[in-house]
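2 protein chains.
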Amino acid sequence: MYKVKVYITLRESVLDPQGSVVKQALHSMEFKSVEDVRVGKYMELTLPSSVENVEATVEEMCHRLLANPVIEDYRYEIEESVAQ
Amino acid sequence: MYKVKVYITLRESVLDPQGSVVKQALHSMEFKSVEDVRVGKYMELTLPSSVENVEATVEEMCHRLLANPVIEDYRYEIEESVAQ
Numbered sequence: 001m002y003k004v005k006v007y008i009t010l011r012e013s014v015l016d017p018q019g020s021v022v023k024q025a026l027h028s029m030e031f032k033s034v035e036d037v038r039v040g041k042y043m044e045l046t047l048p049s050s051v052e053n054v055e056a057t058v059e060e061m062c063h064r065l066l067a068n069p070v071i072e073d074y075r076y077e078i079e080e081s082v083a084q
Numbered sequence: 001m002y003k004v005k006v007y008i009t010l011r012e013s014v015l016d017p018q019g020s021v022v023k024q025a026l027h028s029m030e031f032k033s034v035e036d037v038r039v040g041k042y043m044e045l046t047l048p049s050s051v052e053n054v055e056a057t058v059e060e061m062c063h064r065l066l067a068n069p070v071i072e073d074y075r076y077e078i079e080e081s082v083a084q
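Protein chains in written order, with full-length UniProt numbering: chain U, 1 to 84; chain G, 1 to 84.
Derived by calculation from the structure, the hints in this document are not laboratory data. Don't take every hint at face value.
Because identical chains cannot be distinguished in the list, a pair is counted as satisfied if it fits within a single copy or across any two copies.
In the DSSO-like style, the derived pairs of lysine-lysine whose C-alpha atoms are separated by at most 30 Å in a straight line are [said to hold, decoys possible]:
1. 32 to 3
2. 5 to 41
3. 41 to 23
Since the structure is predicted, the reported quantities are computational estimates derived from the model, not experimental observations.
All chains should be built: construct the whole structure from the sequences, respecting the hints.
As C-alpha cells, this is what we get:
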C-alpha cells in the first residue's frame, strides 16, 4: 500500500485572499507579529501496492486534477507501508 | 525569521465529502486504483525572529483559530531561516 501526501500551494506571484483573511484574524487576536500567511491544500491518497510506476501516476494526477498548474505548485511524498 | 508549516487534517472518524468527490473524479479518469482520498489544509506562516516561545504561539494559533480541534487534527513544523 502506498500513502501519498500531496502539498499544493499557490505560486508566489499569485495573490492569496484566504491567507490575507487568516492573517487579519490572527492580528485581531493577540498574534500581531504574524508577517504572512499562505493557505494551500494537503491531500492524503491511498494506493494499492499493485500500482506500477507510482511516481508517474501521482505526477499525472496532480497535474491533471489535483492542482491547477497555472497558479499552483505541488509537491508530493510517497511512502510505502505494509497494510495491517 | 520563522517559517511555520501547518498541516490540518480531518480526524479519521469524520466523513470527508470533499475527499470522496476527488476520489470519484480520479476514478472517472483512468486512476481507478485509488483507494482513498482525504483532503486537508496546509498553511505557511511567517513570523519574525523576535517572537518568543514560537512553539507555544503556534500551538495556540492552531488550537484557537487555524484548526477546529473537535473534528480536525493538526501538526506543524517550525523552521528558523535567515532573511535574505
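How the hints compare with the structure:
When the C-alpha separation of residue 32 and residue 3 is checked against a cutoff of 30 Å, the pair qualifies only between copies, where the shortest distance is 16 Å, while the shortest distance within a copy is 37 Å. Taking the shortest Cα distances, residue 5 and residue 41 sit within 30 Å of each other both inside one copy (11 Å) and across copies (12 Å). For the identical chains of this complex, residue 41 and residue 23 are neighbours both inside a copy (17 Å) and across copies (15 Å), given an alpha-carbon limit of 30 Å.
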